[in-house]
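*Asks:* Residue numbers (the numbering used here), protein chains in the order written: chain W, 396 to 780; chain Z, 17 to 340; chain V, 84 to 609.
Careful, some of the hints might be misleading.
Said to hold, decoys possible - Covered by chain W, per the in silico footprint, the following chain V stretches (three or more residues, Cβ under 8 Å): (1) 334 to 342; (2) 429 to 437; (3) 447 to 458.
Claimed, not checked - Lysine-lysine pairs mimicking BS3-like chemistry, simulated, CA-CA at most 30 Å apart: (4) W:548 x W:466; (5) Z:195 x V:278; (6) V:319 x V:341; (7) V:210 x Z:195; (8) W:647 x V:278; (9) V:364 x V:596; (10) V:323 x V:309; (11) V:141 x Z:327; (12) V:365 x Z:326; (13) W:569 x Z:107; (14) W:652 x V:391; (15) V:391 x W:647; (16) V:210 x Z:327; (17) V:231 x Z:195; (18) V:160 x V:201; (19) V:278 x V:201; (20) V:365 x V:341; (21) V:537 x V:391; (22) V:469 x Z:327; (23) V:364 x V:281; (24) V:364 x V:141; (25) W:548 x Z:291; (26) V:141 x V:201; (27) V:487 x W:647; (28) V:160 x W:647; (29) V:309 x V:160; (30) W:399 x V:480; (31) V:231 x V:254; (32) Z:22 x W:647; (33) V:572 x Z:327; (34) V:341 x V:278; (35) V:141 x Z:107; (36) V:281 x V:231; (37) Z:326 x V:281; (38) V:160 x W:652; (39) Z:326 x V:391; (40) Z:327 x V:422.
Hints were generated in silico from the structure; no laboratory data involved.
Note that the Cβ used here is the ideal one computed from N, Cα and C, for glycine as well.
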Amino acid sequence: MTRKRQLRFTIIRSLVAILIALLVATILIFISASGATFQAKLEATREALKQMLAGPVFRFSKKNGIAFEAKRLADIFAAMIPTVFTGLSVCVMFSANQFNLGAEGGILLGAFVSAMAAIYLPLPAGLHAVVAVLLGGLAVALVMLLPALLKTKLDVSEMVCSLMLNYIIMYIIKFVMNTYLADKTRGSIQSFPFRESAAIPPLVDNPVFSGAKLSWGFAVALIAVVLCGLFMYRSRWGYAIRMIGINQDFAKYSGMKVGAVIVLSQLLGGFLAGAGGGIEMLGRYDTFTWTALPGYGWTGITIAILAGNNPYMVPLAAFFMAYLSKGCDLMATYAKVPAQLISIVQGVIFLFFAAEQFLSGYRQKLVVKSAQEEIALAQARKEGA
Amino acid sequence: MLNFLKILATPEFFFSILRISAPIIFATLAAIVVEKAGFANIGLEGLMMFSALAGSLVSYYAGSWVWGLLAALATGVVMSLVMGFFAFRLKTDIILVGIAVNMMGSGGTLFLCKVITNLTLGNAMASTTGLITRSLCIPDIAIPIINKIPFLGGVLSGHNLLTYLSFIFVALTSVMLYKTSLGLNIRSVGENPNAAASVGVSVLRIKYIAIAFSGLMSGFGGAFMSMAYAQGWSLDMVSGRGFIALAAQAMGGGECLGGMLSALVFGFAQALGIKFSAVGLDSNLASPIPYAVTIIGLVVFALVRASRAKKRHSAAALGKGARK
Amino acid sequence: MPDGKAPGGEAFVVQMKGITKVYSNGVAANQGVDFNLRRGEIHALMGENGAGKSTLMKMLFGMEQPTSGEIIVNGEKLELTSPAVAIAHGIGMVHQHFMLVPSLSVAENMVLGMVPRKSGLFIDRAKAIEITREYSERFNLRVEPEAKVMDIPVGMKQKVEILKALVRGAKILIMDEPTAVLTSQETAELFVELKHLKAQGYTIVFISHKLNEIMEITDRLTIMRKGRSMGVYNTKDVTKEEISRLMVGRDVVLTVQKDRAVPGESVLRVRSLEYVNDWNKKMLDDISFDVRRGEILGIAGVEGNGQKELVDMLFNFNTPNSGTVTVNGTSILGMPQQKIRELGVSLVPEDRMLFGIAASASIEENVISDRAGAKRLNNGPLFNMKAIHEEADRLIKEYTVLCKSRSQHVGMLSGGNIQKVVVAREFSNNPVLILADQPTRGIDVGATEFIRKKLVELSRSGIAVLLVSADLNEVMELSDSLIVMHNGKIAAYFDDTAGLTDEMMGEYMLGLKQQTEAEIRRACHD
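Looking at chain W on its own, in the form it has when it is part of the complex (with noise of 0.2 Å):
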C-alpha cells in the first residue's frame, strides 16, 4: 500500500473509533440526562455534548456568546504534563514487548520521592528542583529493575509484578506518611511544605494563567517527547527495544544484548514515570498530599496504545485525553452528567485502537486496490515503451 493510502487508512480508522466511542458516550448522557420529556433529554443531551466537546476551550455564556478561553487551554496544557511522561514511559516499555504496567505506581513514587527532596535537601533554586527531579525519576529506575531482572533470568511475568508493585509503593507511601512525615498541624494528611527554592515557577508570568498552574514542566514534558523521540528511532538502544519489540529471535541473532536491553527499557520506562511524577508534583503543589495512586498511569497506557508507541504522537493523544477528561469534568458542572464517564469513553476507544482487526476488511480493499493500480501501471508502461 502507498504511503499515502497507508496514513490515510490509519487516520479513517483513528476516526471512527473515536466516533464509537462518542456515540457510546451519547447514548449513556442520554440515559442519565435530566428532563422529563424526549425532547427535554435531547435537549440536556445536546447541552451535555456542547460542553463536552467545546466547552475544554470555549466558554458559553449568554451574554457574549462564544468565547475562547485561554484559561481553559492552558488547564489542558497543565493536565497533560503527567500523561505525557506516563505515556512515554509506557510507549518505551511497550515497544521492547514488555507489559509492564508500572508507570501507575511510578509516578506516585517519583513525586513522593521528589517532594521528599523538597522539603529535607537544602540547595539553591532551580537547582533544586532538577536535582528533586532526577531523584524522583532515578528513585524508580531503580524500582523496575525488580521486575525487569526477574523477567529476563526467571521469565517472572512482568505485568504481575508491576501491578503488585504498584499497590506496595502505595501502602508503603501511606505507612511512611502517616507515622513519620506527616505534618501532624494539617487537618489532612499532607506531608510539610516544599522549600521555595524547589518550586517549578509557572510558564507564563501572567495572573490569569498562573490559576491554571501551567508551569515549565509543560515545556521539560515537550522537551522530553523530543528527547524520546531521538532515542527511540535515532539511537541504537532506542532501535535495539523496537527490533526486540518485534522480533526477539531476530534480534539475538543479529547480535544484540536482549536481556540487557529489555531491562534497560524497564529502567527508562521507570524514570520517565518517576520524573513525570517529580514535574508534576512541584509545578502544580506545595506539600505533598497524594494518599493514593493518582490514574496517570492507566491513562498513560491509553495514551501509548494511541500514539501507536510513537513518542512524537504522545502529546496529540494526551492532549486529546486531557481534553476529553476536562469536557467530561465539565459536563458533570453543568449538565450534571457524571465525569466518570471519562473511565467508559477511554477504555471503548482504546479497545477499538487495539483491535487489529478492526476495520481489516477495509484495509484489505486499500491492499489490493494498491496492487492492481501497481500492476496496471506496470502494465501502461510496458505497453507505452
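Using the hints provided, position chains Z and V relative to the given structure of chain W.
*Replies:* Leaving out everything else, chains Z and V in the frame of chain W:
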C-alpha cells in the same frame, strides 16, 4: 507482642481468613480455567467491579438478593463473552482487552451507579450502601452441630453462603477439569490446539466457554464483595483482588488446590493487616504483605521450574541410554 | 517400467489419478502424479525433501485439495475436503510431529473427541482404558494406558498415534517419516507391528527416504522426484542402486561459472562433534571437518541427517555433548551470538521469517541489524542517519533488492527479495566465514542466481563459505569440496566436486556406501 499473638489465636481471626479469601478464590478459579485453555484473562478486576455493582443494584430494585446474585453472574458472563469477541474474533491482544476492562471498571462503575440511581430515585448516589439493608445481602449460614464445636465451630460455622460455595467450587472446578469431557477438551486446547482440532474439537468454542466460566466466577466474586463482605457497593471495593488472583494462579502452579492455598495465604496476610490496626499498628504496614508475598511466590515458583528443566536437560545431555 | 499390478488384477483400495497441485505462488508441488494402493500392502512413498510426497499424502488425508486429478477410495470417487471426511472413509494419518496432548494420559489422548461417558457428565475412565487396552492388544502395539504422554518414550508416543488412527476406524494408514524420531531398536519394534497390521488386512503407506528400511518392510514402492512420479516397483524386483538413481538425480544440470578455488588456511575447524537430542537420538556422530579460506565447502544430504543440528552448534542455537569448534583458533561453542559475529562469522538462516528479519521493520532497519553500534554509523549517542541511509541504499542497489524505498516494510517484499535483504546484511559486514543454510529455498529463479553468484564471488575474494543445502544442483555445482552426511555421520568427503555423478551422490546420501575413516579424515586440513 504477646497481646498481638493472643488476638490472632482466636476463632474470629481464622474465621476472617476464610471470609477474606473467598472472593480471591473465585477469581483464582477463573484465572486457572482460562490458563488451562491457553490464554490469560487479566480483566478479572474489572469484571468483578461491574458484577459487584450489578448485584447490589438489582437486589435493591428487585427486593431480593437472589435476583441480585443472578444479575451479578449474568454481568460477568456477558462482559467476558464480549471480551472473548474482541480477543478471538477481532484479534485484539487479550492482555489489552483485559486492560481495557480494568480501565473502564473504576470510573465506569461509579458513573453507572450515579446515573442509574439518579434515573430511578432522582438522587445520584456514589455508592449503594445507603440503599442496601441486611435482608438484601446474601445470607450467612449457621451449620447445626458444627457450630457447637469449641473453637472450630467459630471458625467454620456462620459463614456467608458464597464463602462455602467458593470452597465447594474449588472441588467442583477440579472435578470439571479432570473428570469431565469438557475439562479434557479445555486442557487439550490449551496445551496443543492442533491436536484438539485434529480430532474435531472446536478450539474457538472451548475458548469462549473458558472465558465465560471466568466471567461466571468473577460474578460470584463481585457479588460476594457487595452483597456479603460489605453491605452495598462502593468505589474501588475490589482493591486489586482480581490481580492477586492472577498471582495466586501462578503461585498455585495453575491447579485448583494450589490456587486455593495461595488465595488463603493472601487472605491471611490481609486479615493480619486488619488486626494490626486493632492493636494500633499502622495497617499500611500489613497491607503490602500480600502483594510482596505474591512476588516472592512467583520467584520461588520460577526457580523451582527452572531447576526442574535443568535436570531434564542435563539427563539428556549425558546421553543417558543413547542408542544409535 | 513394471507397474506392479498383480497378475490377478486385484482391485486397488486407493487410486490417485493425474494429481496436480499448484500453489498460489506458482510452485507446482505435484504434477500429474499417479499413485495406487493395493489392499493389505505396505507401500513406500519415496523421494527427497521437496519431491512432493508429503503434499500427495496431505491430499489423500483431506488436508489439501488437488488442483486437478481424482481420488478414488474403495471404488468410490471422493472429494476429500477435510481430514474428517478422510477419517470417515477409513483413512488415517500418523503425523511426523505428534498430535498429542502431553499432560493427558495415553487413554485420554486416545478418546479425545469421542470420550465415553458415565452418568452423562463424567469421563468413563475405565472404559477409555479398556478401549485402549483392547486396541493395544489387538494390534500388538504395547502402550501404557494410564501413563502421561509426556512421560512415555518416543516409540510409545508413535504407537499411541497409530492407535488413535485405528480406533477411529482407519483401514488405510499413512505414516509420515515414522522412523525419523526412532532409535534402531524402536524401529525394529515398529516393523514387527506393521507386519502384524498388514496380516490383519490393513494398508499402510510408508513415507520415507531410508533405503534399508524400505527394502526390509515394504511390498511395493513409488518414487517421486521434483513433483513427478518416477514409477511404481515391486520392492523385491529393484536394487538399492536402481532406487538411488531414480530418487537422486538432476533433470537439468546447472553449471555455474567459477574459477578454480585456491584454498588458503583453515578458518573453521570442527573436531569430533557429538550430539544426542532430547529424545536420546544421536544426531551428530564424530563430525570433523575444516572450511578453508577461498573455498566453498558444501554439506549435502537428505534433510534430517544432522545438518540442521550441525548449523545450530556453529551459531550457538544449541550446544553439543562433546567436541570442539574453532574459528581462526578461537572456540565458539556456547559463545553469545554477538561475539560470534564479532569474530567475523555470518549466518544466512534456514528460516528467514523466524530469524532472518523483523517483518514489520523497514528494509533499512533490517539491513543494519548486525552493525547498529558501529562507529561509522553513529555520531556519539545518535545514529548518523546520512551514513545509514547511504549504507542501506548501497546495499539495496548492490543486491538488486526490488522495493519502493528503503523504508518499506521488509515483510511486504517477495520471498526472493526478503532473502536478498538477509544476504545483503550477512555478506556485507566483512565476514571471514559465511554459513549459508538453504540459502535459495523457496525463492524465485532470479534471486537464486544472484545469491549463488554472490557466494562464489565472495568465496573467491578469500572468504570461507560453508554451504548446507538439500538442493542437489546447488550443493554439487557451487561447492568446491563436498561432505555428504548420513545418519549424523560424514558418509563421504570429496575434495573436488568435478567428476561427481548423481549416482555416486545418491549412494552416499542414502547410506548405500560409506567412505573409510582415512578418506573422511581428509576433510580436516591440519
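*Asks:* Can you give the numbers of the hints that this structure goes against, from lowest to highest?
*Replies:* Those not satisfied are hints 1, 4, 5, 6, 8, 11, 13, 16, 18, 19, 20, 22, 25, 26, 28, 32, 34, 37 and 38.
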